[in-house]
Structure formats: C-alpha cells, structure tokens
Amino acid sequence: MSDNIILEMNHITKEFSGVKALDDVNIKVKKGEIHALCGENGAGKSTLMNVLSGVYPHGTYEGDIIYKGEKCAFHNLRDSEAKGIVIIHQELALSPLLSVAENVFLGNERTSMKGVIDWTETRRRAQEVLARVGLEHEDVNVPVNSLGVGKQQLIEIAKAMAKKVELLILDEPTAALNDEESQKLLDIMLELKRQGITSIIISHKLNEIEYVSDSITIIRDGKSIETLVKGRDEYTEDRVIKAMVGREMTNRYPKRENIMLGKVIFEVKNWNVFHPDDENRQVLKNINIKVRAGEVVGLAGLMGAGRTELAMSIFGRSYGQKISGQVLVNGNEVKIRNVKDAIAAKIAYISEDRKTYGLNLIADIKENMAIAARPQFFSKHGVINANEEILAAQEYKKRINVKANSIKQVVGSLSGGNQQKVVIAKWMLTQPDVLIMDEPTRGIDVGAKYEIYCVINELAKAGKAIIVISSEMQEIIGTCDRLYVINEGEIAGELTSEEVTQERIMQCIMAHNRKGDEDGN
Numbered sequence: 009m010s011d012n013i014i015l016e017m018n019h020i021t022k023e024f025s026g027v028k029a030l031d032d033v034n035i036k037v038k039k040g041e042i043h044a045l046c047g048e049n050g051a052g053k054s055t056l057m058n059v060l061s062g063v064y065p066h067g068t069y070e071g072d073i074i075y076k077g078e079k080c081a082f083h084n085l086r087d088s089e090a091k092g093i094v095i096i097h098q099e100l101a102l103s104p105l106l107s108v109a110e111n112v113f114l115g116n117e118r119t120s121m122k123g124v125i126d127w128t129e130t131r132r133r134a135q136e137v138l139a140r141v142g143l144e145h146e147d148v149n150v151p152v153n154s155l156g157v158g159k160q161q162l163i164e165i166a167k168a169m170a171k172k173v174e175l176l177i178l179d180e181p182t183a184a185l186n187d188e189e190s191q192k193l194l195d196i197m198l199e200l201k202r203q204g205i206t207s208i209i210i211s212h213k214l215n216e217i218e219y220v221s222d223s224i225t226i227i228r229d230g231k232s233i234e235t236l237v238k239g240r241d242e243y244t245e246d247r248v249i250k251a252m253v254g255r256e257m258t259n260r261y262p263k264r265e266n267i268m269l270g271k272v273i274f275e276v277k278n279w280n281v282f283h284p285d286d287e288n289r290q291v292l293k294n295i296n297i298k299v300r301a302g303e304v305v306g307l308a309g310l311m312g313a314g315r316t317e318l319a320m321s322i323f324g325r326s327y328g329q330k331i332s333g334q335v336l337v338n339g340n341e342v343k344i345r346n347v348k349d350a351i352a353a354k355i356a357y358i359s360e361d362r363k364t365y366g367l368n369l370i371a372d373i374k375e376n377m378a379i380a381a382r383p384q385f386f387s388k389h390g391v392i393n394a395n396e397e398i399l400a401a402q403e404y405k406k407r408i409n410v411k412a413n414s415i416k417q418v419v420g421s422l423s424g425g426n427q428q429k430v431v432i433a434k435w436m437l438t439q440p441d442v443l444i445m446d447e448p449t450r451g452i453d454v455g456a457k458y459e460i461y462c463v464i465n466e467l468a469k470a471g472k473a474i475i476v477i478s479s480e481m482q483e484i485i486g487t488c489d490r491l492y493v494i495n496e497g498e499i500a501g502e503l504t505s506e507e508v509t510q511e512r513i514m515q516c517i518m519a520h521n522r523k524g525d526e527d528g529n
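Read in order, the letters of the sequence shown correspond to residues 9 to 529 in this note's numbering.
Check each hint, because a few of them may be wrong.
As the list claims (entries may be wrong) - Dumping the calculated PhoX-like pairs for lysine-lysine here, alpha-carbon to alpha-carbon at most 25 Å:
#	residue 1	residue 2
1	K277	K263
2	K36	K298
3	K213	K238
4	K28	K354
5	K406	K363
6	K36	K79
7	K343	K354
8	K363	K343
9	K36	K122
10	K122	K39
11	K91	K213
12	K79	K91
13	K238	K250
14	K28	K411
15	K213	K79
16	K354	K330
17	K250	K271
18	K213	K76
19	K172	K192
20	K298	K330
The hints are simulated quantities; they were obtained by calculation from the structure and are not laboratory data. Predicted model, so just to flag it, every value in this text is computed and none were measured.
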C-alpha cells in the first residue's frame, strides 16, 4: 500500500436475498483528499459505505478493507469510529429535543473520573468543535430542533470532529439544503481538507462534486467502473453522467412533442392562507393560478417563498389556517376540507418529503401504491379486492420502471429514485385530473430524473394538469410550458417557456422585492 493511500476496498461483494448489490467493487482513497462516489440510485454507493463503516459487519460481505495499511474487520459502527472513520447518513442522527452540546457528544459523553457527565467540559468542547465547522457563535444550550436543517448538518459534522475523525463519509449531505447552505457546507469540507481530514462524499449534485472533489469513483449496477482524477482526466458533469448511465445523455430533459393544450382544468382564485401557529401572519396573499389540460406549469421562487405552503393548503388544507379563496376543477368549484375531499376532487399531491409524507417505509410496494386509491378503486362495501391491487401494482411497477424484485419488496429497501416512482404510482392510481409535484426529483440521480420527466410528459399527453415545484431553476425551465414566480407569498410574475431564463426569474423576484419596499414606505 502506498504511503499516500489511506483506504483501499478490494473486491467487495455484497448480496441481499441472492441479489448482488455490490459486485467486485474496488476503490482507493488518498490521504487528505475529498473523494466522490457517483452513480445512479441503487448503484451501490451507500451499501459500499455501510460496508466500510461496519453497518454491514465483517462476514456479511466478501473482500478486504485496508485502512492505513492494516486489514480491518469492522463488526459495528463503534469499531470503525475507534479507527477514526465516521459516517454521516442522509437522515440526520440527531436527537431533536436534546441541546446542541448534548448532540455533539451523544454516545461520546465527556465524563469525570466517577463516570458522571461533566457539563462544563461538554459545553466548552462543543463550542470548540462547532467553531471548526463555522458555528462559533451558536448557542450550545438550545434544542437542536430549533435550528435549520443546514445548521443541523454542520452539527453532525461537529459531532464527527468530537470523535477525532480522520476519514469522514458524507452521504448526500446537501440533499435537503438550499443553495446558500449547500455552498457553506462544501466550503467547510474544503476547510476540513486543509486541516488534514480525508472525506468521501456521495452526491447526485454533479456541480457540487465537480467543485469540491479531487477524484471521483463511478459505480454502476454494483460495479466500480472507473476513477477520474482532477487535473488528469476530463472532469466534467457530462463525462461523469456518461460513466454513470453507460451512455451519452445529450438532452437531460426529454422533448415534449405534439403538445395539445385543452381547456382550463384547474384554477385557484384569490387564495389567502395564514400561518398555522400565528393567525395574524399571512403566508399567501391573493394567489391566482390556472392550468390547462396537457399543460405543465412550474412554481419557481426562492426557499421560503410559499410554494410548498400553497400546494399543501390546496391539498386538503394540510397547511395553514383562516384559508379563503376558490378552487375550481373542470370549471366547477370544489369544497376541500381535508385530504379525502382533495382526492375525491381528482387532485393529487406528491410531497417534497417522500419518506415522511409520501410512503410507509415498512410496507411493501403494492401496499404503498394502492393505499390512496383503495377506497374508490380497490374496495367495495368495505371489502378490499386484493387481486385488483396486485394487478394494478404490477402494471405500474412495469410502466414507470420501478427497479425491485417484486411488488412485495419493502419500500424502505428501495433506492431514493425507486421510492419516488412508487409515490408517483400511488397518485397515478387515484386517476387524478390535477397532479401537484413538489420537488419530484430531489435526491435522485440524472438517470432516474430523466425517467420521471418522461412520466410527467406522459401524464401531460394524457390531458392531466401538472404543477411542478422545484428549487432547481434549470429543471423548471427544462420541464414546464409556463411558470409562475412566487415571492414572499405572492405571484411576482408569469413567464412562458419562450420567455423563461434563470435571469428572468430573478428579475421578477427582485422587481417584486422593490415593489414591496415601495409599498412599505
């Protein structure tokens, strides 16, 4: 082993129920570098890191882990952490009601000679490690759930610092962060690199990978394909995508051809919503939007603009209070008091957080796909027709290419992209006329994104009214026929596909801000 290599994983093979998740994977990581792992959903990236960190213990896989020149056999997380290897999973492992200081040393408590926690030392050391991740002014006594997701992600890194980390593994660290928070986290990674810490990052955001990493290992279908080194190889998004999907992707957004727009199917008039915890704080003000049959309409705006709040308040009044205004479907006003009414009105909503609001992770694919449509389509007089559910689930698994062994596979074991397809199938089975998709491609790879864009086009071609909410402006531009720009709970502008650019979207937002300042004066 070269003195400069801190980690080698040789011939790693891992099976689940006879299916190879990893097939003879090899990877080398240099000391002090940021090494990226790229691949489509289900390629095996997280599985490989779980092997490395001991989540999948020695003996459950084939191959060798050589760390700092020593062959290692990790049986659990404690074994790997004792060697200085710390993994931060996509789902944060913080205890929400404990303080920042308590979370930083959770499972790694600062104790006195008699085994009693030394709170003074805990707070002092917590402030020290928080300073290393740019949170030197943070109050270590506040509950961690009072902080934003961006700060919580940095606290996870501080928690790793407290364990004397030498190799830090970050699995999709920016998936739930906005652009500003993501940039801060990436800059923290570069600072940790300067401090001598080696990092492995898994991410689908290829622009971030290109910015922060020194080398990239691409995994496809459980096999290591190649490693690209910055300064030696072509180090571009297009080059990485080609290796990930095994082909050139000249167009990331499938073209919508023969677009035939029909009558207005969905309309919202004078929609006003107040904050659920403060009846005097208006979140949405006089929103008016309309969508035609076969049209894909985007809702663009900055984080916190009110896009998700609009979608949730329409879909069964799932957000807000003192809601007023009209919702019309096919020209008729519908009264929506709850989610059941929304489904009956042929409105479906794919939430931005699939794991919390979209899926039952311990149930199988069939159960998740059928649950929303069951009362109207799969039961009679309270008796479920299981055969019809099975046939429908099998049809949609094939139709939108859900990669799974069978419809009996537990949804929690699927990759993020396939979980998202199950959520989409769930709402397609309700046969909606209106489909609101909130961040439909968050946390999934370019190949799975393309497949979901194809599903959106298919639904539009079938005459559905589609609303897409996305924080990725390029995605909005690439998929939508028309868009509304939302800023501070109001419509700041409306743009056609011919007019829309990132600059025009930002111009609408800035003009609306100036108008707000003038009105305030």
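We went through each hint and held it up to the structure:
For the hint pairing K277 with K263, the CA-to-CA distance comes to about 31 Å; that exceeds 25 Å, so the pair is violated. A C-alpha spacing of about 53 Å is found between K36 and K298, which places the hinted pair above 25 Å, so the restraint is violated. A hinted pair counts as satisfied when its Cα atoms are at most 25 Å apart, and K213 with K238 qualifies at roughly 17 Å. The suggested pairing of K28 with K354 is violated, with an alpha-carbon distance near 41 Å, which exceeds 25 Å.
Of the pairs offered as hints, the one joining K406 and K363 holds, with about 22 Å between alpha carbons and a cut-off of 25 Å not exceeded. With a C-alpha separation of about 14 Å, the suggested pair K36 and K79 falls inside the 25 Å cut-off, and the hint holds. This hinted pair checks out: K343 and K354 have alpha carbons roughly 12 Å apart, not beyond 25 Å. Our distance criterion of 25 Å between C-alpha atoms is broken by K363 and K343, whose separation comes to about 28 Å.
This hinted pair does not check out: K36 and K122 have alpha carbons roughly 43 Å apart, beyond 25 Å. Between K122 and K39 the CA atoms are separated by roughly 38 Å; this puts the pair beyond 25 Å, and the hint is violated. For a cut-off of 25 Å, the pair hint linking K91 to K213 is broken: about 29 Å separates their Cα positions. Note on K79 and K91: the hinted pairing holds, with a Cα-Cα distance of about 12 Å set against a maximum of 25 Å.
Proposed proximity of K238 and K250 is supported: the alpha carbons are some 17 Å apart, at most 25 Å. At roughly 14 Å between alpha-carbon atoms, K28 and K411 fall within 25 Å of each other, so this suggested pair holds. For the proposed pair K213 and K79, the alpha carbon gap of about 33 Å is over 25 Å, so the pair is violated. In summary, the hint linking K354 to K330 is supported, as the alpha carbons are separated by about 24 Å, within the 25 Å threshold.
Distance hint between K250 and K271 is unfulfilled; the C-alpha atoms sit about 41 Å from each other, more than 25 Å. As the CA atoms of K213 and K76 are separated by approximately 30 Å, the hinted pair breaks the 25 Å bound. About 22 Å separates the Cα atoms of K172 and K192, which keeps this hinted pair within 25 Å; it holds. Simply put, K298 and K330 have alpha-carbon atoms about 22 Å apart, close enough for the 25 Å limit, and the pair holds.
Hint compliance for this structure: hints 1, 2, 4, 8, 9, 10, 11, 15, 17, 18 are broken, all remaining hints hold.
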